[in-house]
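A.B. asks: Chain S is already provided as a structure; the job is to place chain D with the ligand on it using the hints.
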Amino acid sequence: MAPVNLPRTDVVLIGLGAAGGLAVLPLARAGLKIVGLEAGGWFRSADHRPDEIRNNIRHWPHAVQKANQEIPTARNGRDGPPLPRPDYHPMMNGVGGTSLHYWGQSWRLMQWDFKVRSETIRRYGVSAIPPGCTVEDWPLSYEELEPYYDKVEYAIGVSGKAGNVQGNISRTGNVFESPRQREYPMPPLRAAGFADHMAEAASRLGWHPYSPPAAINSVPYDKRSACFYHGFCGSGGCPVNAKNSTAVSTIPQAIATGNLKIVPYAHVIAIESDAYGRVTGARYLSDKREYFQPASVVLLAGYTYENTRLLLLSKSKAYPRGLSNNHGQVGLHYMSHTRTGVVGLFSFDLNRWYGTPAQGTALDDWADDNFDHSEVEFIGGGNLLVPMEAKPIEAANMSTFGKAPRWGSSWKAFVRENAARWAPVWAQISTFPFEDRFLDLDPAVKDSLGYPVCRLTVGLKETEERAMRFMQEKAERWLREAGAIATNQLPLFPIGLSTHAYGGTRMGENPERNVVNGWGFSHEAPNLGILGASTMGTSGARNPTLTVQALAWRTADYLIRQWKFIAE
Amino acid sequence: MSALRFAGTTNAEVFTPNERHCLEAIVSRIIPADTNGPGAVEVGCALYIESALRDAYRSQKSAYSAGLAALDSRAIERTGKLFAALDINEQDRILSEFELNTRVGEYQDSAAFFELVRRHTLEGMFGDPLYGGNANFAGWDLIGYPGLRMYVTPELQRMDVAIHRLRLSAKQLMHGSR
Ligand SMILES: Cc1cc2nc3c(=O)[nH]c(=O)nc-3n(C[C@H](O)[C@H](O)[C@H](O)COP(=O)(O)OP(=O)(O)OC[C@H]3O[C@@H](n4cnc5c(N)ncnc54)[C@H](O)[C@@H]3O)c2cc1C
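From first to last, the protein sequence lines are chains S and D.
7 is the number of the first residue of the first sequence in my numbering; add one for each residue after it.
2 is the number of the first residue of the second sequence in my numbering; add one for each residue after it.
With the rest of the complex left out, here is chain S (with noise of 0.2 Å):
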């Protein structure tokens, strides 16, 4: 059966998550009619409730419906065997999408993660590039994303204290940061007993502890609660709307201009494009009823997997290797954030059973370029993190740290005394592209339509191996220091399928090199936007998000100033 044809639009957007469901927002405002097609649907704040067994351990069996179809494949190098294929995809479907259930950490960027090619040269020669690498400067600065940057935290609400407001530097925020024009928009989540003792020990060793930035809220914002502090926050939704997912803060605003017609549960399969290269809509099935709709710009926001896959399945005369793809560019410079951790055992109880994990207090003394670098043989580092928040089954599932067995009496014994005696230091560390890591199709599994999944080669680098062992011995300090009684390192993650995805389809000036230009336009499909850390070249050693969704409202702030341009 022939597509159903539907009236034409200005933009249609594909996926309402974290990116596309703040890109919204600009665009509605400026007048632009908007199709959003989203494969989930809506969620009430009474569906999340505080359940562990179904947010963290069956991870949102409900709103996975597309995501649980195409879970990407990984093998280690090009002729590498195949990783284990993980039997749940990261991300979710809904309107809102990974934002309705995200840590909700809000950080930037710093100014050296835009720079990390000429910065690295200039302070220790070139020879300090991996062998490999295909890291390059962004194709603008953090001073160009600062304003956006602030857009974003006043439009969503994000709670924090400024470390360097205008180059004035506060000792309570984050020493490290780059200028803000500004103060958050709200102050920090609350102080946490636990929290605070990590933080003292951070500061007797001469560090420089704050509490992280969060897209929850401290106090009441925009007629949104303050965050209640009930726990399973990480991984889950918040029943009274204080996490900012753009579920519940920039989608209804954009929505309230009359402006963007959401479609749920709309699967898009194809990006249709003319014999000029340009693009003209995008075909979805809805209901197992395929439709067609077209639009005078696309814009792409599914996440790095899908963004990827999604160009190179729709294949054109145009674009023959797949859409954008004429540089051979599509997949590569995948990569993302390496992790790993300490956790500690205590002699007293440490009571993190409630608040969020974005509540707890960070570190970036080694994280960036914010040491020295000539004996350690690695770029970047990481950003160190004692969450709050234990659930029980988490708690209980204990390292014994080599104190008793793993089950049977004594176990029950040992968790019965120590299940609320012990914390994770976790150690977030910048990675970079490199010429063997890519996203491309896999040839031979598919999803539940008969389409291709995304399959990721990897491979872990020795310069990652060596941060990560720096920052296990850096978490080890300070988890002792706090009086940690014993230790236990927690395993070496790699690079591979993640939450924290980059790359795919690079931002740079350079169409050999990159899949868009430095405004999130495709180089080779003028009227194609892409949103999503798929555009971002380095990593930072901190969560993408807030990133993301800088870029994705300069993207739409771009396209509204182009839009004759651009458009038509």
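Quick caveat, the hints were computed from the structure, so don't treat them as lab data.
Bear in mind the structure is a predicted one, so any value in this text is a computation, not a measurement.
The beta-carbon is built from N, C-alpha and C at its ideal position, and this holds for glycine as well.
Hints may be right or wrong, so weigh each one.
So the derived label-pair ranges between C-beta atoms look like this [unchecked claim]:
1. ARG295/S with ARG55/D: 17 to 25 Å
2. GLU91/D with SER292/S: 56 to 64 Å
3. ASP88/D with ASN403/S: 49 to 57 Å
4. GLU14/D with ARG475/S: 44 to 52 Å
Not everything, but these chain D residues come out facing chain S in the computed CB check (under 7 Å) [to be verified]:
5. ASP35
6. LEU101
7. ASN102
8. TRP141
9. TYR146
10. ARG159
C.D. replies: Below, chain D with the ligand without anything else, positioned relative to chain S:
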């Protein structure tokens, strides 16, 4: 279509009586009833696992059948009796072998099977009672989890505080106290 549509459930029997006894015997060794309170069987872990295998964990049913059969055949080979009929020391010995995969051979995935059952037993013991385990909140009492509450005061996040325990499941919390 609703965002909250779950996979369909049926009431078909998941286990044969033998399989059920074997599973109960395993989970009661993983978390035994003792002076520290009720164990996994008493709080409903076996029921939790059986009902999960009926829907959310459907795809793991075959791993259970194979694993339980392997455990029973190991028990029979050694003693002529089914696993559930052994004394607890013998049960523990066989379970340790499974956990550590010390006897590779007739059943390759013994460590994976042990981890699967252990993981699900912890879910049944420490998960929300609305899933059929953690009866009388005994799992939460064991580890001192102070219970679900919708609003948590700043005092309740201090390190030195004694917290009054609440006993509500997520369903009761959402429908009751707001
Ligand atoms: C448990 C968890 C915790 C996290 N914590 C943090 C944190 O603290 N801080 C942080 O910065 N980041 C965090 N992240 C990462 C964060 O969620 C992502 O960076 C962010 O959601 C990415 O935004 P996105 O819009 O690209 O993707 P998403 O938010 O996933 O949105 C993509 C949307 O597109 C839809 N879609 C996909 N394909 C199609 C298609 N073909 N047709 C129609 N619709 C489609 C999806 O249904 C989805 O709604 C976390 C992630 C997880 C899973």
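A.B. asks: Hint by hint, say whether it matches the structure.
C.D. replies: Consistency of the hints with the structure:
{"no.": "1", "hint": "ARG295/S with ARG55/D: 17 to 25 Å", "result": "violated, 33 Å"}
{"no.": "2", "hint": "GLU91/D with SER292/S: 56 to 64 Å", "result": "holds, 58 Å"}
{"no.": "3", "hint": "ASP88/D with ASN403/S: 49 to 57 Å", "result": "violated, 28 Å"}
{"no.": "4", "hint": "GLU14/D with ARG475/S: 44 to 52 Å", "result": "holds, 51 Å"}
{"no.": "5", "hint": "ASP35", "result": "holds, 5 Å"}
{"no.": "6", "hint": "LEU101", "result": "violated, 10 Å"}
{"no.": "7", "hint": "ASN102", "result": "violated, 14 Å"}
{"no.": "8", "hint": "TRP141", "result": "holds, 6 Å"}
{"no.": "9", "hint": "TYR146", "result": "holds, 5 Å"}
{"no.": "10", "hint": "ARG159", "result": "holds, 4 Å"}
Checked against the numbered hints above, the structure breaks hints 1, 3, 6, 7 and satisfies the rest.
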